[in-house]
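Here are the chains, one letter per residue:
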Amino acid sequence: MRKGLWPTLYLFPASALFVLFFVLPLAAMIWMSFYQQQGFVLGTEATLANYLNFFSKPYYLQALWNSLWMGMVVTGISLLIAYPLAYILSFHASATWQRIGIMVCMLPFWTSYVVRSYSWLLALSNNGVVSQAADSIGFFPAVGLANTTAATIIGFVHFFVMLLSLTIFSSLVRIPRSYIRAAQDLGAGWPSVFTRIIWPLSLPGVIAGVMLTFVLTLGDYVTPQILGGGKELVLTQVIMLQVQRQGNFPMAGAINLVLMAISIAVTLIANRAISKASR
Amino acid sequence: MSRGLHLQGIEKRLGQQDVLRGIDLTAASGSYVVLLGPSGSGKTTLLNIVAGFEEADQGLVMIDDEDVGGLPPRLRPTATVFQDYALFPHMSVADNVGFGLRMHGLGKAERDRQVAEVLALVDLASFADRRIDQLSGGQRQRVAVARSLVVRPKVLLLDEPLGALDLSLRRQMQRELRILQKKSGTTFLHVTHDQEEAMSLADLLVVMNGGRIEDAGPPDRIFDSPASLFAATFVGENNVLRGRITSRAKTGTVIETALGPVKVQSEAPEGDEVYVTVRPNRLRLATPGSRAKHFLRGTVEEVTFLGTYYGLRVRTEVAPDMAFHVHSDDRTPPEPGAEIAVTAEPSAFSIIAAKAS
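As given, the protein sequences belong to chains E and W, one line each in that order. Per my numbering, the first sequence starts with residue 1, numbered consecutively. Per my numbering, the second sequence starts with residue 1001, numbered consecutively.
Some hints here could point you the wrong way.
To give an idea of the chain W side of the interface with chain E (calculated C-beta under 7 Å), a few residues [unchecked claim]:
{"no.": "1", "residue": "GLY1070"}
{"no.": "2", "residue": "ARG1074"}
{"no.": "3", "residue": "HIS1090"}
Residues of chain W clear of chain E, computed beta-carbon distances all greater than 12 Å [stated by the list, open to error]:
{"no.": "4", "residue": "ASP1018"}
{"no.": "5", "residue": "ASN1048"}
{"no.": "6", "residue": "LEU1124"}
{"no.": "7", "residue": "ARG1147"}
{"no.": "8", "residue": "PRO1218"}
So the derived label-pair ranges between C-beta atoms look like this [stated by the list, open to error]:
{"no.": "9", "chain 1": "E", "residue 1": "ALA150", "chain 2": "W", "residue 2": "ARG1130", "range": "50 to 56 Å"}
{"no.": "10", "chain 1": "E", "residue 1": "ILE264", "chain 2": "W", "residue 2": "ASP1057", "range": "56 to 62 Å"}
{"no.": "11", "chain 1": "E", "residue 1": "LEU9", "chain 2": "W", "residue 2": "SER1092", "range": "36 to 42 Å"}
{"no.": "12", "chain 1": "W", "residue 1": "ASP1057", "chain 2": "E", "residue 2": "PRO84", "range": "31 to 37 Å"}
{"no.": "13", "chain 1": "W", "residue 1": "LEU1075", "chain 2": "E", "residue 2": "ALA150", "range": "32 to 38 Å"}
{"no.": "14", "chain 1": "W", "residue 1": "ARG1130", "chain 2": "E", "residue 2": "THR8", "range": "55 to 61 Å"}
{"no.": "15", "chain 1": "E", "residue 1": "ILE102", "chain 2": "W", "residue 2": "ALA1120", "range": "18 to 24 Å"}
{"no.": "16", "chain 1": "W", "residue 1": "ARG1130", "chain 2": "E", "residue 2": "SER56", "range": "49 to 55 Å"}
{"no.": "17", "chain 1": "E", "residue 1": "VAL173", "chain 2": "W", "residue 2": "ARG1178", "range": "37 to 43 Å"}
{"no.": "18", "chain 1": "E", "residue 1": "GLY230", "chain 2": "W", "residue 2": "SER1092", "range": "51 to 57 Å"}
{"no.": "19", "chain 1": "W", "residue 1": "SER1168", "chain 2": "E", "residue 2": "ARG174", "range": "30 to 36 Å"}
{"no.": "20", "chain 1": "E", "residue 1": "VAL173", "chain 2": "W", "residue 2": "SER1039", "range": "24 to 30 Å"}
Derived by calculation from the structure, the hints in this document are not laboratory data. Just so you know, even glycine gets a beta-carbon here, dropped at the ideal spot from N, CA and C.
Modelling step: build the complete structure from the supplied sequences, incorporating the hints.
Right under this line is the structure:
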């Protein structure tokens, strides 16, 4: 046996696993999405009917819009909260506070997102902490926040603020302080220092975080399912309904591939933007 | 003579440590001032106080007779060339250089004109559209200087600007800095720990140690007759002897040292306890058999070839705990182990008062 063959053999278990549990199911899903479900069997002719169906029925288009809208709102709110947080952490916090801040940002990653969602459900329910607190200060009746789109957004934002803070923080701490000194020395006030130095140099972290937030929001099923109350369905919920209620695997596959195409497109655009911003 | 830069009674403490103690310094407008000292001597802190990045606890910072203390860096008539250059990586060379002009509200046409002018001055006219990571170390250094010069500061501050360059490039950049300074007529305040760089650049050399100014003056004066023991040993190689003045006369002073009496021409300071210093290049090997009065007799310990001369380390029995340095431009220097005698003119020596040091 030649010496060069061994490394290839070592790759075998991992590749086999990857092919068996990722490539094959994916291929099956793609293949299936071009056939129509007829009773308990697939139709005999390949067709685009599932896709045409998706892009013509308001039910699906509404779900697509709900998903995109959710992604944008969650990303927008998370960014608005995360950027100032990361900024303060990297420029105005001592090393100790930075460590504590990063620890706090990491905490949500260590809990199961199912558990996290149910915790928010409890907190936002009629007798939950949030409603009670809002009631007691007479702020606004927060009764009934659970099982609404707002609850989904709160659940998402909680998690993604932490994620975005981490990616933005990692960009901000890498900006040499001498750049800021140099800009001030050349006559720049704080607004100019921020818009011309800090913001452009933090863009790679911002774009990476925004991309992750958007794509993960789009692909998440658990949070809207547990917190959203099933009134305004997003794509992932529609996919699940196709599988669980209709048993229509080809349609579920087609919707899934549309979702995947959007995620891949967003990722590619973000990657290009990052390499452009970090040049 | 207008005072380009005037510092008076600058004090700075950080926690328990005195970083700067009683700094007084006046430099003529348009002069090249070099702060020379080891790390921890307070020279960078002093630069930051002039720039406005740090505030002095006490004292006066005046530029062209105007008190700038308390002003933030952006309102001071200074510009800084940072040790790491701090060039903005997301901007072109031209945008970097034009940054200060833009911050001062100049229009694009005028900005472009001045940027082109200053880039030509530093020999980088064709590099305007380059990105920073496409430049070599020397080019970056010139962009940093151009970016600071273009805003026409009254004082240009340079924080170890050549520290990142290799030796030959460093010597070249020294010449270029010197030429730029003369051309622009700007007061330069340059911080370095390289004494050769300091001597070759400075009109006014300021030797700092432990937060104090040890000596300030033209480099040749500091080299030939330093004001303190630290200045004598930090700026160039030197031989130092402790001694006591035994007689003072118009024609010269006689000092009793470990090597016996030494006759010295320079003026004697107050007090009897002094240091006598003599540069290795002012010591001569006595011709064998010469009956002339010797400064020292001893054994050659080590001979080092240094290009234009040989450096000899000599030890004498009279003061065995001291090594003396002698330069010899003789192409056949004595071998290690040889017994030699060394002479010196009375004018070769300089005297430093042995104060509290």
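Against the structure, the hints come out as follows:
1. Look at GLY1070/W: its Cβ only gets to about 15 Å from chain E, farther than 7 Å, so that hint breaks.
2. Against a cut-off of 7 Å between C-beta atoms, the interface hint on ARG1074/W holds, since the closest Cβ of chain E lies about 5 Å away.
3. Among the interface hints, the one on HIS1090/W holds; its C-beta lies about 5 Å from the nearest C-beta in chain E, closer than the 7 Å criterion.
4. With a closest Cβ-Cβ approach of about 24 Å to chain E, ASP1018/W is found to remain outside the 12 Å limit, as its non-interface label requires.
5. The non-interface label for ASN1048/W is inconsistent with chain E: the shortest C-beta to C-beta separation is roughly 9 Å, within 12 Å.
6. For LEU1124/W, the requirement that its beta carbon stay farther than 12 Å from each beta carbon of chain E is met, with the minimum near 18 Å.
7. Against chain E, the non-interface label of ARG1147/W is violated: not every CB pair exceeds 12 Å, the least being about 7 Å.
8. The non-interface label for PRO1218/W is consistent with chain E: the shortest C-beta to C-beta separation is roughly 30 Å, beyond 12 Å.
9. Between ALA150/E and ARG1130/W the CB atoms are about 51 Å apart, so this pair conforms to the stated range of 50 to 56 Å.
10. Range check, ILE264/E to ASP1057/W: Cβ separation about 60 Å, and the 56 to 62 Å hint holds.
11. Range check, LEU9/E to SER1092/W: Cβ separation about 52 Å, and the 36 to 42 Å hint is violated.
12. Checked against the hint of 31 to 37 Å, the C-beta distance between ASP1057/W and PRO84/E comes to roughly 34 Å, which is consistent with it.
13. Between LEU1075/W and ALA150/E the Cβ separation comes to about 48 Å, which falls outside the hinted range of 32 to 38 Å.
14. Against the hinted window of 55 to 61 Å, the Cβ-Cβ separation of ARG1130/W and THR8/E comes to about 45 Å, which falls outside the hint.
15. Roughly 48 Å separates the CB atoms of ILE102/E and ALA1120/W, a value that falls outside the hinted 18 to 24 Å.
16. A beta carbon spacing of about 53 Å between ARG1130/W and SER56/E agrees with the range 49 to 55 Å that was offered as a hint.
17. As the Cβ distance of VAL173/E to ARG1178/W is approximately 38 Å, the hint placing it in 37 to 43 Å holds.
18. Taking the beta carbon of each, GLY230/E and SER1092/W are about 54 Å apart, inside 51 to 57 Å as hinted.
19. About 32 Å separates the C-beta atoms of SER1168/W and ARG174/E, a value consistent with the hinted range of 30 to 36 Å.
20. For the pair VAL173/E and SER1039/W, the supplied restraint of 24 to 30 Å holds, since their beta-carbon distance comes to about 26 Å.
Figure legend: structure checked against the earlier numbered hints; hints not met, in rising order: 1, 5, 7, 11, 13, 14 and 15.
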